[in-house]
Structure formats: structure tokens, C-alpha cells
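Quick mapping for you: the protein sequence lines, in order, are chains Y and D.
Note that the working numbering has the first sequence beginning at 1, numbered continuously upward.
Note that the working numbering has the second sequence beginning at 1, numbered continuously upward.
Source of the hints: derived by calculation from the structure; they are not laboratory data.
A couple of the hints might just be wrong.
Pairwise CB distance ranges (calculated) [what the hints assert, rightly or not]:
id	chain 1	residue 1	chain 2	residue 2	range
1	D	Glu192	Y	Lys233	53 to 63 Å
2	Y	Ala247	D	Pro104	13 to 23 Å
3	Y	Ser241	D	Thr189	51 to 61 Å
4	D	Gln29	Y	Ala247	24 to 34 Å
5	Y	Lys105	D	Gly23	42 to 52 Å
Each residue gets a CB set at the ideal place from its N, CA and C atoms; glycine is no exception.
Here's the letter readout for the chains.
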Amino acid sequence: MAQNSRSLVEAVDNFGRILERVRADGERDVVQALDRLRDLIERNTRDTTEHSKVVIEALNKLHNVLESHEDPGNIDYSRIANEPVEHVLAFNNDEFIELKNATTKHPYFSSHGVLTDLHRRELPGSKVETTFPVDPDKLEESFNWPAEQLQPFDRPPLDFTNTTGHGYSKQAYFFDGGASSLVTVGPSLPKIAVLKKGGAQFWVCSIGVITQGTGKYEGARGASVYLGSAYLKTWPKKFESQAKLLAGGFRALVSTYFKLVFKNDHS
Amino acid sequence: MSKSKSITEALDNIYRAIGADEGNIEFPQLANGSVEKVLVFNSDDKIFLNTDGPIPFFHSTGEGILTDLQGHALPGSKGLSSLPLTNPKELDDAVLWPPVQQHPYNKPPVDPTNTTEIGFAKNFISFGDGSSLATVGPSLAKILLLKGGGAQFWESSVQAICEATGKYEGARGMLVFAGSAVFPAWPPTRPEQIQLLSKGFDARLVRCFKLVLKKDQ
Numbered sequence: 001m002a003q004n005s006r007s008l009v010e011a012v013d014n015f016g017r018i019l020e021r022v023r024a025d026g027e028r029d030v031v032q033a034l035d036r037l038r039d040l041i042e043r044n045t046r047d048t049t050e051h052s053k054v055v056i057e058a059l060n061k062l063h064n065v066l067e068s069h070e071d072p073g074n075i076d077y078s079r080i081a082n083e084p085v086e087h088v089l090a091f092n093n094d095e096f097i098e099l100k101n102a103t104t105k106h107p108y109f110s111s112h113g114v115l116t117d118l119h120r121r122e123l124p125g126s127k128v129e130t131t132f133p134v135d136p137d138k139l140e141e142s143f144n145w146p147a148e149q150l151q152p153f154d155r156p157p158l159d160f161t162n163t164t165g166h167g168y169s170k171q172a173y174f175f176d177g178g179a180s181s182l183v184t185v186g187p188s189l190p191k192i193a194v195l196k197k198g199g200a201q202f203w204v205c206s207i208g209v210i211t212q213g214t215g216k217y218e219g220a221r222g223a224s225v226y227l228g229s230a231y232l233k234t235w236p237k238k239f240e241s242q243a244k245l246l247a248g249g250f251r252a253l254v255s256t257y258f259k260l261v262f263k264n265d266h267s
Numbered sequence: 001m002s003k004s005k006s007i008t009e010a011l012d013n014i015y016r017a018i019g020a021d022e023g024n025i026e027f028p029q030l031a032n033g034s035v036e037k038v039l040v041f042n043s044d045d046k047i048f049l050n051t052d053g054p055i056p057f058f059h060s061t062g063e064g065i066l067t068d069l070q071g072h073a074l075p076g077s078k079g080l081s082s083l084p085l086t087n088p089k090e091l092d093d094a095v096l097w098p099p100v101q102q103h104p105y106n107k108p109p110v111d112p113t114n115t116t117e118i119g120f121a122k123n124f125i126s127f128g129d130g131s132s133l134a135t136v137g138p139s140l141a142k143i144l145l146l147k148g149g150g151a152q153f154w155e156s157s158v159q160a161i162c163e164a165t166g167k168y169e170g171a172r173g174m175l176v177f178a179g180s181a182v183f184p185a186w187p188p189t190r191p192e193q194i195q196l197l198s199k200g201f202d203a204r205l206v207r208c209f210k211l212v213l214k215k216d217q
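The following block holds chain D by itself, in its conformation from the complex:
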């Protein structure tokens, strides 16, 4: 680093030097093997429940932005998603939790009660540099009533890459995300809940991709 001419320049140089990770979403230290890429980031989405058609669906319309794990925005990025509620039991079971699992944990049996009413979602992530990844796969919702009358709403999903552009064109791999929303007041009846969700709500989703580029397949 060249010698700074002012305090501000010195501070800015230090800022650049130590702030190199700001906006970083690549975690090569988590990759297994020489060709895998690992991306980890958060997305701040605005989600709506659309009830206009015969099948209601949650969707985020790209109003949100991606951030690194410290919350620093990735300029030009966005996420789009769609989750049709084709299975009415999905919301009913969202407030039910699975039973305590038997020891040992590295051997069967597995009791999946209350984790089987899944839906399917598709996601599109645009990274702001002309590259994008689209995915599809099963999703599971859970709702927890909080002290004071509110609710924490989680939607988790495991998805496979179905389309990719830019530097990811032809990539194969997987996405997992854990999304959450918080409602200060959660109404007791389903029509009121639908109305609340239809108005739109802020959601935060931590997302992780593991993928292999086309040239390595």
C-alpha cells in the first residue's frame, strides 16, 4: 500500500484492506473436492400471498435484494420465487412439530411425522453481474406462536438447479434456504391469516448453493 497523504486517505486505505470480504458470498473453504463452488448469502425479500386464482401462491416479486451474511447489500441483485399452496394440509400442519427422535441418531428409525406435508417452490436468483441460478424443489412451512400474540413463520426448502446463466451457465448443483418472517400479531382464524399474508410481509432467507460448473461435468 502506498503512503497515504491524509488521515482520511489512510483510513480509507485500511477500510479497503480489511473490508475486502464485504459483499463476499463465496466460501471455497466449504467446498468438497477441486471443482465444487459454494455460495452462501442472505436475501431480504418482500413476499405476498396471491389469492386471485384457484390455487393461492406465495411469491416474491424481486423487490428485495441479496446481502452477504453480515447484511451488506449486493448491488443489482434480486430474488424471485413462487410457492403454490396446492396442498391445503401444508398450512394446517405448519403449526405441528415432529416428535422427539429415538437414539442413536446415526441409525434408523426416523420418525418424519409432521414433516411430510410438503409443497414445491421455484426460485430465481440474479446476482447483479448477469449471472443467475434458477431452482425447483420441495418446501416445508412451520409456524410458531410467540409470547405476546405474534408468530414466527419459517419456510425451508431443498432445491435442484434447473437453469443457469452467465458464469453459472450449465451448472449443476443444489440450493437450500431457510426463510423467516415475523408477524407482531397473528390472527386466530384462517381467513384473517390469509388476509394478513396477502398484504405482503418482509422475509429474510439464508441461502446456500453448492454447484459444479459446466466445464467440470
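Excised from the complex, chain Y in its bound form:
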């Protein structure tokens, strides 16, 4: 949260700085409206010292909201980092996934695509590649959901039935035309919900521990999680048909979250 301004001048200055940033984003309508507002403030606050306190409060609220405005393409969420050296990245992957070797004993999902911010604005020069080998014998477990847990939720026991059929996957994320990258590996858990209209929602979520990084992420350590989903309009009942469908490829949207520390901050 921004610091409270100590004077009307400081508040307006803060306001102006934020406006300039918003202007750089090209949101002209908003900027013009706020410029008119600023003109109004400048004309009307010269002699209204008795109201300056409430005006400053209102300006501060505006300042805070505008400061938290998300720049297009922003994936840095430092406001929810656990300070002082942690960095939080949040973004989406638009992926195309195919099940390779679908009819063998060693099938694997293979995907590629681009990264976007959380508002689906593409990050220029970004790329993602992943692979997730799967055990065909465990596919049926994807339809089974865990049992309701005993309360209280803040202490054992846990019943983790139907959450143990995980595999392992690796992921690579490339930023800025490949100038920087992060690679991760870790356990992945798939689940499938059959939908009323006959299709299916297919989720794979994964923990990814950083194995290597390049560019600004060289030597970084940390962990990521991702939650990917695919919507399949039809979901056949037999495995052979399911494998054929998945082998044909499908589109997935994957929400990805990194928490990491740069090389120069860890021992």
C-alpha cells in the first residue's frame, strides 16, 4: 500500500506520477478523465484549506488504487512476496498439448505454447515447453475424487485417498525471446470431471522445483505450481478412444505461479 501523503501538494504529485504511468499504458480515456479531475482539484482547492484533509484522504485512496493498476504484460506480483528477497511471478500459459506414444506403455503429454499475463495479454517473445509421462494404468484414478475430510481442518488426520496417483513432469518457460528462462521438475496430479453435456474438464496440477535458469533467472532457486485445464467437448468411454482423442491434441490454459530468490540473495 502507498504511504499516505503529508500534504495536498504531495498527494497531487503522487497522483500525477501515477497518471503518467497510466498514460504510458495508453489508457487515454481514463487519463483524460483524471486530467480533467486534476484540473478541477487545482481550481477548487486553492482556498479550501478546511477541506484539504478529506481531499487528501480521497486522493490517497485514488493513489492506492492506481498504484496497484496492473501494467499490460505484468507478471511480477511483488505485493504478495514474502519480503525482502522473494519474487512472485504469476502468469498464464496458452498451450497446445498432445498425447504422444498414445498406444504404447509409455505415453507422455507434450506441450508447447506462449505465456500471457493473467489478463490473457501475450508476453512477446515468450514460450513454454513441457512433458508429462503418464501411466495408462492410473488414468482411471483421474476420475476419482478424495473423500470429505474430518474436521478440524487445522490438524490431522488426513485422508489422501485418490490423490496419490501422481506422476512427474518437467517444464521450461522462456521470456524475452529466450534471454531468460526457468526450468522446473516435480510431481503432477491429473483429475477429470465429466460434464453434463457429455464433455469433460481435464485438469493437471503440478509442483515444479527450479532446476535451472538463464538470463535474469540464472542461479535462481524456488518453486512453482501450475494448474492447467482443458475442455474436451466429447469424452469417449473407452480408453482407446480417449487416447486417440488426446493424441489429436487439445488446447490448455495453465495458470502458473513462481516464488523464487535470485542468485545474488542466496548462499
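Here the structure of chain Y is known, so what remains is to put chain D in place on it, guided by the hints.
Chain D alone, transformed into the frame defined by chain Y:
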């Protein structure tokens, strides 16, 4: 918007107009298909390592609150969680990192070394409007020693929905979270580390749900 009668009212109106996203945790633009819901938020938790019984467990007792990704609190919300340390190797391996992976990244092999000592956690998220989601699934801990003697502690988890109430009643879907805590000083011995963790520490967790409501299943 009606014409404002004072500067303050004008500013407040603008604030309301541009601040509409404050507290928003719904990201429909990230949903795949017509029936999926996507929730993304942060939770500020207080976590303790309980060592009273035979199996120690981390837990957050609901003292924290959920926030949007900008840190704005969601009134009335809370998170509860429990992570038993049934696998002693989990903490031992927390300081070990996986090896560099082979190219290409979209084909096997996958080398999962140092990511296999997992535990299991359950979570309960209450959104403050009578709706809640409970989940269970595997979790993985990693600890990084920092310059100056401190440590960054990460706990990441992938979980499936096991119970839901309110507007989410009967929902199916998944949760991922990446939680972190920072310790300005990280003691060298395990008993000292246990003692430090037992005192409780602040943690921040970014959480993402993708789910389908009951009416669409």
C-alpha cells in the same frame, strides 16, 4: 455517473469506478471452456509446527486472511490447513534441489530426483460469504539458505476438492498453492529449527482454484 457535488464526492466516485477490481479473485479470462471457474488469490497465514503428539504437523489456525493479488483483504475470509510430517525425509530433502533437466523439454526423460519426498496436506478456505472449499493432496517443501544467515521456506501443493459449501457446493476441481515464509535467522541444528517453527511464523500463499460447479457436472 451522476454529477458530483464536491471534490471529495467526485474523487470517491472515480475511486469506486476504477477500484471495481479491488478484492476481485475471479479470473474468467483464464477459464477453459464455458463452465470452468478460476479463482486466484493470496492468503496471509500464521503457521505453527505442532510437536505435541507422536507425529508433528504444520497448521494454520485461521488467524490469517485472504487477499486479492494486490494485497487487498477479503473481509470475513480465512484459511485453515494441516500438513503432518509423516515422512521424516521430507525436511531432510527440503534443502536439496533437483538436477538440471535434459533438453528437449517437451519430451522425456524427466529426472524427479529431490522432488519425490512428498507429504500430504488438507486445506479449508472460507470466503467470508458462507462459501468454502476444502482440498487434500500432495505437498513438497524446499528451504533455501540466504545470504546473512536466514532462510526462505517454500511449501507447494497440488490438491483436489473434497468438500464445498455455499455457492461451491458439489463443485469438483483442483487447487494449487505456493506458500512461502522467510526466517531472518535459520539455526543450524534440527532441534533448534523445530523450536523456531513451533513458535509460529507468517506465511504468504498464492492460491489458484479451477473448478466446475455441481450444476455443470
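Tell me, in ascending order, the numbers of any earlier hints that this structure violates.
-> Hint check: nothing fails, all pass.
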